[in-house]
Amino acid sequence: MGFQSKIVPEEILCVEDLTVRFGGFKAIDCLNFRMDRGELRVVIGPNGAGKTTLLDVITGKVRPSAGRVVFQARDQAPRDIRSLPEQTIARLGIGRKFQTPNIFKSSTVLDNLILSLRSARGVWSTLASAFKRNGTHRIHEILHTIGLGARAYHLAGSLAHGEKQWLELGMLMAQDPELLLIDEPVAGMTPRESERTGELLMSMARKHTLLVIDHDMTFVRQIARTVTVLHEGKTLCQGTVQEVQRDPKVIQVYLGQDRQADAAGKATASSLR
Amino acid sequence: MTKDAANAPNLTPVLPSSRVSVPRLILVFLFLAALFIPGQYYANNKYWLPLYSKYMALALFALSVDLVWGYTGLLSLGQGLYFGLGAYAVGYSLKLQQAARVADKPLLAAPDMALPDFMDYCRLPEVPVWIRPLIDIRLALTLAILLPLLISTLFGLVTFRLRIKGVFFALITQALVLAVYTLVVNQQPYTGGVVGMTYLAKLELFGHKFVMTDMYYLITTILVICFLGCALLMRSKFGKIITAIRDNENRVLALGYNTAMYKTFIFALAGALAGLSGALFVSAYGTCGPDSLGIAWSIEAVIWVAAGGRGTLVGAILGAVLVNLANTYFNDKYTNAWPIILGSLFIGVVLFLPDGIMGGLRTLGRLSMKTFGRLRLPRAGQSVAGRKHEASVLPDTQRPPPAQPSQVPNIQALVTDPKGP
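Protein sequence lines correspond, in order, to chains A and B. When the letters of the first sequence are read in order and numbered with my numbering, they come out as residues 1 to 273. When the letters of the second sequence are read in order and numbered with my numbering, they come out as residues 1001 to 1421.
Derived by calculation from the structure, the hints in this document are not laboratory data. Some hints could be false.
What follows is a set of in silico ranges between Cβ atoms, one per label pair, in the way DEER data are often shown [said to hold, decoys possible]:
id, chain 1, residue 1, chain 2, residue 2, range
1, B, G1229, A, T100, 29 to 39 Å
2, A, G23, B, N1331, 32 to 42 Å
3, A, E16, B, K1165, 31 to 41 Å
4, A, S106, B, D1214, 54 to 64 Å
5, B, P1354, A, G239, 47 to 57 Å
6, A, E141, B, L1157, 54 to 64 Å
7, B, I1026, A, E141, 54 to 64 Å
8, A, G23, B, T1328, 30 to 40 Å
9, A, T100, B, L1232, 52 to 62 Å
10, A, A160, B, R1161, 45 to 55 Å
11, A, T136, B, L1232, 12 to 22 Å
12, A, P191, B, G1229, 43 to 53 Å
13, B, R1161, A, K207, 28 to 38 Å
Every residue, glycine too, gets a C-beta built ideally from N, C-alpha and C.
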């Protein structure tokens, strides 16, 4: 695996007894979830398991009905971010890649990255920054890493789907948050593209903490060390890819109850070799 | 971008955040210079020159609408409110001056200052205290900018922090302008009611009376200065954030920008511009009525911008001037046809020219470049490099072998697949 976790694990995110209700429906039901600094965690689960809702809560887009979300930025005291506005949470050091590419389509690739670059975010400091130019070197690096160097001056809206996904990852790199929440990064990508995305993510995991949501098991196997399975807003199980795929509860959730768990378990195990 | 640079394995050198295209710059400066032509051409024409002065003031108003709607994507159907505030501030001033001249009194705020005709008709005993100081044109002009600035800031703070957007924002701005219209029309003793204030004095600043060509050049110069200011602002990082908010506000929020403050800033700036344009309009037109506070007026301004080209400053000016020229022309010939023509124009623009005149010109330019030219427009879309660049995502040594076809794409298929590899 391409990433190294710290020797002494330090908690960066702690979700306690989290519940999110939409009307009568519980999207997340008393969920407990922890992540250590430097970890690359993959969260999987069937549709409606509450994966995206979990990200919405962490980024402040959705307010939870109960529970706590504690984020510990480097060199800062742990802080409950449950009721902070989105932009404040982002500034604390949580970045997010949305499920569909969320880029600024009528700006150039370069401008997309420049706007993401770590800098003061206020109106007045932005107005003053018209006279400064810094971070060019970093932008060069990122453009190279995501392979869009030749398209720096193209409108982001004219990129292909996979390139848009990479651009958004590049924007996250420019933002340089401590915790990255990444929602389905390889959706709609060719196997080749998703391989590269996996490597990109693993290279990012060296410096950051990553929480990745995905369905694509080929991809999950490529990048994951620890996998958390969500089901109906709760943690079903957690472990390595192999452990999770052998877990009878997981198989049952994905298959329904009328199948033979054993047979499927064998198939799973053999496909992993 | 040359073909060699694009095909090179390393990235092309990237320095400026946006490239300045020299031909485009020249075109813009030619356009701005052309705005001064009517001042020469119609120098002694008492019909057309005041009309063009009016158009230039309205072009400034279109800039204001364009900042809010074109660049930030906030459809404000109430910019007329800020225009009206500026218009009335200067309207009062010029009316008081005119009354003072007729009564042969000094241009000073005093309890016994000359009563303007509309107050006299309504049996107002004296000029209300809050209107008196406005006789000083410098104060009136300052207020014409500051008052809209203040009100739009407050309005922006409230609505944008409450995350009101889209149709709801449009409706609230419209409701506000309608409320103020009703207020102004019903307070005839203080505002002149439906008629407003007529026979205004000429604008006199720094001991110089602005009439005819002077007036035209004054307004056009202010317009050009505002244009350049807006152009600089929109090319700066601030402008890029503003357009980014239009494209994808969630993304901007997730990057840590407080979008409500950015929107408030641009809305306040647009309010101030609208106030200034209202002030200039009244000085040029010589009449100040509640029309500008009507709903139709605010919507019409949106149509000018749509026709000229949303999100381009040149387009806003072009749209305002051309549509108003058409208005004058058709009002002469077929008095009642204008609303129908305006409506059809809007539908036509939405259907056939979604980016307005500027969008049409850009397409035309691109086509002619393709046909005749060696030069390509910088934003012509597809790159010469095609898909080559994908190869540079990772160096070759790090690249894994291509995915095996036997690998199963998702867990569901994985677990249910009876055969396995």
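Inset, instruction - Take a look at whether the Cβ-Cβ distance between E16 of chain A and K1165 of chain B falls inside 31 to 41 Å. - result: Holds: the Cβ-Cβ distance is about 33 Å, inside 31 to 41 Å.
Inset, instruction - For the range 28 to 38 Å, tell me whether the beta carbons of R1161 of chain B and K207 of chain A fit it or not. - result: Given about 35 Å between the Cβ atoms, the range holds.
Legend entry - Assessment of proposed distance window 54 to 64 Å (beta carbons of S106 of chain A, D1214 of chain B): violated (41 Å)
Inset, instruction - Starting from the hint 45 to 55 Å, judge whether the C-beta atoms of A160 of chain A and R1161 of chain B obey it. - result: violated (38 Å)
Legend entry - Supplied distance hint 52 to 62 Å, evaluated on CB atoms of T100 of chain A and L1232 of chain B: violated (34 Å)
Inset, instruction - Can you let me know if the beta-carbon spacing of G23 of chain A and N1331 of chain B is within 32 to 42 Å? - result: violated (55 Å)
Inset, instruction - Given the range 30 to 40 Å, decide if the beta-carbon distance of G23 of chain A to T1328 of chain B lies inside it. - result: violated (56 Å)
Legend entry - Status of the given 12 to 22 Å range, CB of L1232 of chain B versus CB of T136 of chain A: holds (21 Å)
Legend entry - Range hint compliance [Cβ, E141 of chain A to L1157 of chain B, 54 to 64 Å]: Between E141 of chain A and L1157 of chain B, where Cβ atoms are some 39 Å apart, the hint is violated.
Inset, instruction - Take a look at whether the Cβ-Cβ distance between G1229 of chain B and T100 of chain A falls inside 29 to 39 Å. - result: Holds, at about 36 Å.
Inset, instruction - Evaluate the given range 54 to 64 Å for the C-beta pair formed by I1026 of chain B and E141 of chain A. - result: violated (36 Å)
Legend entry - C-beta pair P1354 of chain B, G239 of chain A: status relative to the range 47 to 57 Å that was hinted: holds (53 Å)
Taken one by one, the earlier hints fail for this structure at numbers 2, 4, 6, 7, 8, 9, 10, listed in ascending order.
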